[in-house]
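K.L.:
The lines below spell out each chain.
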Amino acid sequence: MSQTQTNQAAVSKKEAEWMFQKMLEIRHFEDRVHEIFGTGILPGFVHLYAGEEAIAVGLCTHLNDQDYITSTHRGHGHCIAKGCDLDGMMAEIYGRATGLCKGKGGSMHIADVEKGMLGANGIVGGGFPLAVGAGLTHKLKKTGGVAVCFFGDGANNHGTFHEGINMAAIWKLPVIFVAENNGFAEATPFHYASSCKSIADRAIGYDIPGEKVDGKDVIAVREAAKRAVERARNGEGPTLIECVTYRNYGHFEGDAQTYKGEEKVKHLNDLDAIKKFYTYLTGQGIMTEEELDKMDEEVRSAVDRAVEFAEKSPHPLPEQLLEDVYVSYKTDGGAAS
Amino acid sequence: MTRQITFSQAINEAMAVSMREDQDVILLGEDVAGGAAVDHLRDEEAWGGVMGVTKGLVQEFGRDRVIDTPIAEAGYVGAAVTAAATGMRPIAELMFNDFIGSCLDEVMNQGAKLRYMFGGKAKVPLTIRTMHGAGFRAAAQHSQSLYSFFTHIPGIKVVIPSTPYDAKGLLLQSIFDDDLVVFFEDKTLYTMKGEVPEGSYRIPFGKADIKRSGEDVTIVAIGKMVHTAMKAAGELSKNGVEAEIIDPRTLSPLDEDTILTSVEKTGRLVVVDEANPRCSAATDIAALVADKGFDYLDAPVKLVTAPHTPVPFAPSLEDIYLPTPEKIMKAVQEMTGSELVI
Ligand SMILES: Cc1ncc(C[n+]2csc(CCOP(=O)(O)OP(=O)(O)O)c2C)c(N)n1
Ligand SMILES: [Mg+2]
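If you read the protein sequences in the order shown, they are chains A and B.
Position 136 of the first sequence, counted from 1, bears residue number 136 in our numbering, the numbering being contiguous throughout.
Position 127 of the second sequence, counted from 1, bears residue number 127 in our numbering, the numbering being contiguous throughout.
The reader is advised that the hints may include incorrect statements.
As the list claims (entries may be wrong) - Here are the computed lysine to any residue pairs in the SDA-like style, where the Cα-Cα straight-line distance is at most 20 Å: (1) B:K55 / A:T282; (2) A:K294 / A:S313; (3) A:K197 / B:D39; (4) A:K264 / B:L41; (5) B:K55 / A:Q257.
As the list claims (entries may be wrong) - Pair by pair, the computed Cβ-Cβ distance ranges are: (6) A:D332 / B:R202: 53 to 63 Å; (7) A:R305 / B:S200: 34 to 44 Å; (8) A:P314 / B:G206: 24 to 34 Å; (9) B:D39 / A:K197: 11 to 21 Å; (10) B:K292 / A:H191: 53 to 63 Å; (11) B:L104 / A:Y326: 18 to 28 Å; (12) B:F118 / A:Q66: 49 to 59 Å; (13) B:A299 / A:K330: 20 to 30 Å; (14) B:K265 / A:E319: 36 to 46 Å; (15) B:R3 / A:P314: 27 to 37 Å; (16) B:F118 / A:T143: 22 to 32 Å; (17) B:R3 / A:G83: 52 to 62 Å; (18) B:F118 / A:K226: 33 to 43 Å; (19) A:T331 / B:T191: 27 to 37 Å.
No wet-lab data here; the hints were simulated from the structure.
All C-beta atoms, glycine included, are put in the ideal place defined by N, C-alpha and C.
The whole structure should be built from the sequences, with the hints applied where relevant.
P.N.:
Right under this line is the structure:
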């Protein structure tokens, strides 16, 4: 499979601004959630996307609201890149009524169907067939839209990987399968759990293009994604893209990360995706340091506002427990009422 | 005082004891050791499961017997079925019972039916350990209690311990039982402490535990709900109502006699189950009494369960999703007609 180098194809200033802003939003959002989780006030499990920003952003820069994405338990970054509202996301993570899912889903299930975001997912491997279904709708309704399935290196060993990609390939569906290979599934290394050198190699088995890119390089991801999205929109079928990356935090908040080695320091510094893009943008004269730094300040304030919004938001009301189970009727309280 | 350990430690100990006793006992699951093939990682630093329940087992038994699997439930649970049928005595960990969707065929169509379909010429001494239960803020795909699902299927034994003592004794029984057992661990009970003997002991299946005896009402409670029911019983007693609390401990087989004998004495039955109410353990037990103990009843059977909804994430909703002592007291009040101070 081909190895893509950073391609210098021009990025317009407008697109660069959008990409940098989204990467910052993800980073600051996740850093804040990490901080707040540490104080013990956030309920439940939280899996952070910090470090992997270039993947969601490099993909979603080619998408619009009618395109769908499926996500994972590590879904905040996908949501942000697909245009979900920060306030609504934060409120969801807090379990408040103003959350994107009225507080009923939480971190692992944030969704915004209007934005084409088909939900973070608590089930590893859940996204493959879901993306296939969204792609089928696009094909049958001739919308020209695509569906992108983000998944982890761990998910690439789940049976649904095979079933999903094979179906997308035989029906030439407009689906892009995007592996986020951060080296670990929980505490289990990719090289232990997967009998392949690269996830991209597995594309051979489905007779579709497979590409491996530096998932810390948003330009490289953007280039590979461009080819895949064009192919999908042209009705030529799916592509598998493997983005090699690293997660800055543990599997979930509270993980001691004893399985990580020396490499983690490099990833937090030289190899950092945002630093890389910053250097690229200033080096190419696309944006100035002042512009980028100002954006950083603005995004920090936006995240502050999201936290404030969440904390001031009301809790869901008791009657909401019984709503949204069915379209046609409200379930009664059952035996508990 | 005798030794007190946690629910989690009790489960860990049962596995260690069984693995010492029998070389054929192996453990498979995602990160049950943790950090497979990470050169710098010492075994004592390894995760030992997402909740640390299997911690230390890899140190004592090695990675040949404590096996980290890929995220491939259909693969390793299916493999465990035939490993069991061909001479091993595996314990497969299904991290959350909600993930049964990824391996239901292997459990339902393969493991559960092998013996019957083969005319009794095979056995499947497999234990599937799995986490269940709401109250952990883990949302809809990590909080269900799906034991009725398995109870419905002939060929599977279903175990739900409520105390550290029962957890160890029932898990040892499960591991050495020659049938397929699904063993439920309530994630909110892992830190609960209780008296647990060292060494080996087994609690037989199909023997309910009478947690408290009383004359006025029988309360059958499942898993963690035993503790909720005990709280309610304490309050009821202050109001002059004495409840008999029964923990069935296994739903398949079910100790019908203990339940029927108790209802014969009290004339009233409340079933407390945190699972969803339709086609549930609660309705099953209610049907048992309607069928075989109707003449004993002085009042309609009452069920206190979760509503017919997925488990909500928001704490404000999850708290009202679960049965509480107050809801149990209300049910008792309705059936006894007594004026309780709730
Ligand atoms: C079907 C299923 N099995 C197991 C899990 C538990 N689990 C949650 S995340 C995870 C690891 C996922 O690793 P990977 O796909 O590499 O994604 P990453 O966390 O690295 O982003 C596991 C095992 C689950 N949620 N669903
Ligand atoms: Mg991973």
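K.L.:
Indicate, hint by hint, whether the structure satisfies it.
P.N.:
How the hints compare with the structure:
Pair hint K55 of chain B plus T282 of chain A does not hold up; C-alpha atoms about 49 Å apart against a cutoff of 20 Å. At roughly 29 Å between alpha-carbon atoms, K294 of chain A and S313 of chain A are farther apart than 20 Å, so this suggested pair is violated. For the suggested pair K197 of chain A and D39 of chain B, the alpha carbons sit about 18 Å apart, so the restraint of at most 20 Å is met. Our distance criterion of 20 Å between C-alpha atoms is met by K264 of chain A and L41 of chain B, whose separation comes to about 15 Å.
Taking the CA atoms of K55 of chain B and Q257 of chain A, the gap is near 15 Å; set against the 20 Å cutoff, the hint holds. For the hinted restraint 53 to 63 Å between D332 of chain A and R202 of chain B, the CB-CB distance of approximately 43 Å leaves it violated. Between R305 of chain A and S200 of chain B the CB atoms are about 59 Å apart, so this pair departs from the stated range of 34 to 44 Å. Checked against the hint of 24 to 34 Å, the pair P314 of chain A and G206 of chain B fails, with Cβ atoms roughly 48 Å apart.
Separation of D39 of chain B from K197 of chain A is about 18 Å and conforms to the stated range, judged on CB atoms against 11 to 21 Å. About 58 Å separates the C-beta atoms of K292 of chain B and H191 of chain A, a value consistent with the hinted range of 53 to 63 Å. Distance hint check: the CB atoms of L104 of chain B and Y326 of chain A are about 23 Å apart, consistent with the given range 18 to 28 Å. Look at F118 of chain B against Q66 of chain A: about 53 Å separates their beta carbons, and that is inside 49 to 59 Å.
Here the CB-CB span from A299 of chain B to K330 of chain A is close to 29 Å, well matched to the stated 20 to 30 Å. Our hint of 36 to 46 Å for K265 of chain B and E319 of chain A holds, since their Cβ atoms are close to 40 Å apart. Look at R3 of chain B against P314 of chain A: about 47 Å separates their beta carbons, and that is not inside 27 to 37 Å. About 51 Å separates the C-beta atoms of F118 of chain B and T143 of chain A, a value inconsistent with the hinted range of 22 to 32 Å.
At roughly 56 Å, the beta carbons of R3 of chain B and G83 of chain A sit within the given window of 52 to 62 Å. For F118 of chain B paired with K226 of chain A, a C-beta distance near 56 Å fails the hint of 33 to 43 Å. Checked against the given bound of 27 to 37 Å, the beta carbons of T331 of chain A and T191 of chain B, roughly 33 Å apart, stay inside it.
In this structure, the earlier hints numbered 1, 2, 6, 7, 8, 15, 16 and 18 are contradicted, and the remaining ones agree with it.
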